[in-house]
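The lines below spell out each chain.
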Amino acid sequence: MDRGFLTESLRSAIESIKTNKLRSLLTTLGIIIGVTTVIAVVSAISGLKQQVAESFSSLGANVLYVQKFPWVVGGKNIEWWNIKKRRDIGLKEVQALKEFGSSFEYVAPQISRAFDVEMGEKKARNVTIQGTSEDFPVIMNQGVNLGRFLNHDDIKYRRDHCVLGKDVANTLFPDENPIGKTVRIKGRLFTVVGLLEEKGDIMGQSLDNVAVIPYTTIMSKFTGRKESITITLLAEDEEEARQEIRWILRRVRGVKPEEEDDFSINSSGALAKEFNQLTRTMFIIMVGIAAISLVVGGIGIMNIMLVSVTERTREIGIRKAIGAKSKEILIQFLLESIMICFLGGFIGIFLGFSLTKLLSIVGNIPFAMPFWSILLGFGFSVAVGIFFGFYPARKASSLNPVEALRYE
Amino acid sequence: MSSLIQMIGVKKVYQLGETEVHALRGVDLELKKGKFACILGPSGSGKSTLMHIIGCLDVPSSGTYYLEDKSVGEMNDDELADIRKDLVGFVFQDFYLLPDVPAWYNVSLPMIYNRVSPKERKKRAIELLGRVGLGDRIYHYSNQLSGGERQRIAIARALANKPEILLADEPTGNLDSKRGEEIMEIFQQLHEEGKTVIVVSHEHYVAEYGEIRIHIEDGLIGCEG
Chain A
1 MDRGFLTESL
11 RSAIESIKTN
21 KLRSLLTTLG
31 IIIGVTTVIA
41 VVSAISGLKQ
51 QVAESFSSLG
61 ANVLYVQKFP
71 WVVGGKNIEW
81 WNIKKRRDIG
91 LKEVQALKEF
101 GSSFEYVAPQ
111 ISRAFDVEMG
121 EKKARNVTIQ
131 GTSEDFPVIM
141 NQGVNLGRFL
151 NHDDIKYRRD
161 HCVLGKDVAN
171 TLFPDENPIG
181 KTVRIKGRLF
191 TVVGLLEEKG
201 DIMGQSLDNV
211 AVIPYTTIMS
221 KFTGRKESIT
231 ITLLAEDEEE
241 ARQEIRWILR
251 RVRGVKPEEE
261 DDFSINSSGA
271 LAKEFNQLTR
281 TMFIIMVGIA
291 AISLVVGGIG
301 IMNIMLVSVT
311 ERTREIGIRK
321 AIGAKSKEIL
331 IQFLLESIMI
341 CFLGGFIGIF
351 LGFSLTKLLS
361 IVGNIPFAMP
371 FWSILLGFGF
381 SVAVGIFFGF
391 YPARKASSLN
401 PVEALRYE
Chain B
1 MSSLIQMIGV
11 KKVYQLGETE
21 VHALRGVDLE
31 LKKGKFACIL
41 GPSGSGKSTL
51 MHIIGCLDVP
61 SSGTYYLEDK
71 SVGEMNDDEL
81 ADIRKDLVGF
91 VFQDFYLLPD
101 VPAWYNVSLP
111 MIYNRVSPKE
121 RKKRAIELLG
131 RVGLGDRIYH
141 YSNQLSGGER
151 QRIAIARALA
161 NKPEILLADE
171 PTGNLDSKRG
181 EEIMEIFQQL
191 HEEGKTVIVV
201 SHEHYVAEYG
211 EIRIHIEDGL
221 IGCEG
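Residue numbers (the numbering used here), protein chains in the order written: chain A, 1 to 408; chain B, 1 to 225.
Keep in mind that the hints are not guaranteed to be accurate.
Claimed, not checked - Simulated restraints, written as ranges between beta carbons of each label pair:
#, chain 1, residue 1, chain 2, residue 2, range
1, B, HIS204, A, ILE386, 50 to 58 Å
2, A, VAL296, B, ILE138, 38 to 46 Å
3, B, GLY135, A, LEU29, 45 to 53 Å
4, A, ASP2, B, GLN188, 46 to 54 Å
5, A, LEU306, B, THR64, 48 to 56 Å
6, B, TYR14, A, ASN303, 26 to 34 Å
7, A, MET282, B, LEU16, 28 to 36 Å
8, A, PHE371, B, LEU16, 52 to 60 Å
9, A, ARG394, B, LEU16, 19 to 27 Å
10, A, ARG23, B, ILE138, 29 to 37 Å
Stated by the list, open to error - A few chain A residues that face chain B, going by a derived Cβ cut-off under 7 Å, partial list only:
#, residue
11, ARG3
12, GLY101
13, GLY143
14, ILE318
15, GLY323
16, SER326
17, LEU399
18, PRO401
19, ALA404
What the hints assert, rightly or not - Straight-line C-alpha distance at most 30 Å; calculated DSSO-like pairs for lysine-lysine:
#, chain 1, residue 1, chain 2, residue 2
20, A, LYS273, A, LYS21
21, A, LYS325, B, LYS162
22, B, LYS122, A, LYS18
23, A, LYS325, B, LYS119
24, B, LYS122, A, LYS325
25, A, LYS395, B, LYS11
26, B, LYS178, A, LYS327
27, B, LYS123, A, LYS18
28, B, LYS70, A, LYS325
29, B, LYS119, A, LYS18
30, B, LYS35, B, LYS178
31, A, LYS325, B, LYS123
32, B, LYS32, B, LYS162
33, B, LYS35, A, LYS327
34, B, LYS178, B, LYS162
35, A, LYS21, B, LYS119
36, A, LYS327, A, LYS98
These are calculated hints, taken from the structure and not from any lab test.
Remember, predicted model here, so these are calculated numbers, not experimental data.
Each residue gets a CB set at the ideal place from its N, CA and C atoms; glycine is no exception.
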């Protein structure tokens, strides 16, 4: 097949689609829906993955979070009604982990509140007041810009010292050095001893709107002791650390051998696994929906192409009478069904793109339409065009010329 | 010089539901290059079938047919298509033009299959339309044209790939006698230019034009003269 003939067949296919605009559009609806689904879901998953990856990095690698509840409820027989009566996690557990643990060096309790932080007339609103210990910077990979972090004595003596995040510092001390100054949290005065390094933001939320104070202070002054806390640990080998933590906590909490753990050890790695499971499920569902609509769309294409072949029986006869080979008729009709599907793919990609864009704006999800999803969309539609267009095209090409000419 | 067309005992049998239709019952025919032949006969005599077989649009059920000394019976579909493309030009009673394209495109259609470049196609189509007296109808669609004009487009189309043989199946059947004669004049002229022309008809004035008249009845050649 040379290019001249293909161009001519393509031209004729486009001409035929143009004459039957509405019919072609309706025919290709299945393809449009299929491709739109593929593009939208692939983009949504990619966007979500990107976002989640950012969140994961803020959780820290190799950081274990010992908490009362798991991050994801529902999987692996962990049902809400089984775990809601769990006992709180408190300082007793922190003490035990520090004392007996050998697979992790750093342990920091975390307990937080959201309060306004004031300095004279200025006010930083809704600041995350993070109560923790001196191990926090190592575990959370948090650097200090200016001054120092909380030290052992700050924790021990429940000092009213704080380390400010960039946002808070900028609001309260726009053009002066905040170290040594005093800020007010819930009417209590705190001395600023340091500034945290900038962390940026995820999902449009700043990680720098924070003030860190000793956990001993937050517990004695703001939260009391009757609240379950989070214990963060930096583990070298996550699996080993998990085993050891379970062993220590089961003992210190008096969990009987036949009973399940009454605490959860969360980590970004485990969450990533859960998340990948979720996206895999989404992906399978998407492939299912796409496959169904593409097959339905393909059958629609086949149907309309059969109609087209019947309608144009005489044209086929004429073309054969003036010297067209069967192969050439086949290519003409195959190109037409491919073009219809291609059109559907094009519209589908456009709609999928718009939908994703809309979702990213409304849902505040990062916009991520991978290039391969476009290729996938076009590839799918062209494949459907070839697969479902072949039978009608074959039928057209095998018509007997004399009978085709006589067809009324 | 050997014959352009040579048929020996050509039969054609159609299966029409349960019944077998014997369209041709053993036709012997010989025609030399450059002749103008009229195949005459009433409707149902098998003359259209004969013409289809001559033009390789159809193949015989039995018997042998040599076209330019090549046995048509041994050809495959592609080779038959090549003959229709290069050697033969058809003109039909019902014109068989594509309705949604301008006149010049209809004329250029056979050249697509001969891989003529688009520019050359259009140029040659316009030239051919001029030759059949439709130089001012190049961009008209067939529903804007009269029967005589449509048939002339069909003739121009038949000439597109410079065929050796022109085959016309009742070319005047849908025209009044004046337009019919105009069409036959074109065939006469083409014959004079050296083309082999075969016209199938049941109309007597058509027979006036042929050098050779072949009568066919009930699938058999009657008398030649």
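Whether the CB-CB distance between PHE371/A and LEU16/B falls inside 52 to 60 Å: 59 Å, holds
Mind checking the alpha carbons of LYS119/B and LYS18/A for me, to see if they're no more than 30 Å apart? 23 Å, holds
ILE318/A as an interface hint toward chain B, with CB separation required under 7 Å: With Cβ-Cβ at 5 Å, under 7 Å, it holds.
Evaluation of the interface hint that places GLY101/A against chain B, nearest CB under 7 Å: 82 Å, violated
Kindly confirm whether 38 to 46 Å is satisfied by the beta carbon distance between VAL296/A and ILE138/B. At 45 Å between Cβs, range holds.
Against chain B, run the beta carbon of PRO401/A and see if the smallest gap drops under 7 Å. With a minimum Cβ separation of about 5 Å from chain B (threshold 7 Å), the hint on PRO401/A holds.
Taking 7 Å as the limit, does the beta-carbon of GLY143/A come near enough to a beta-carbon in chain B? Interface hint status for GLY143/A: violated (69 Å vs cutoff 7 Å).
Hinted pair LYS32/B and LYS162/B, Cα distance within 30 Å: 18 Å, holds
When you check the alpha-carbon spacing of LYS273/A and LYS21/A, does it fall within 30 Å? The hint is violated at about 48 Å.
If you draw a straight line from the CA of LYS325/A to the CA of LYS123/B, is it 30 Å or shorter? Holds: LYS325/A and LYS123/B sit about 24 Å apart, inside 30 Å.
Is the hinted pair LYS325/A and LYS119/B satisfied, with a Cα-Cα distance of at most 30 Å? 23 Å, holds
Range first: 29 to 37 Å. Now tell me if the beta carbons of ARG23/A and ILE138/B are that far apart. This hint holds: roughly 30 Å between Cβ atoms.
Hint violations for this structure: numbers 4, 5, 7, 11, 12, 13, 17, 19, 20, 26, 33 and 36, all remaining hints satisfied.
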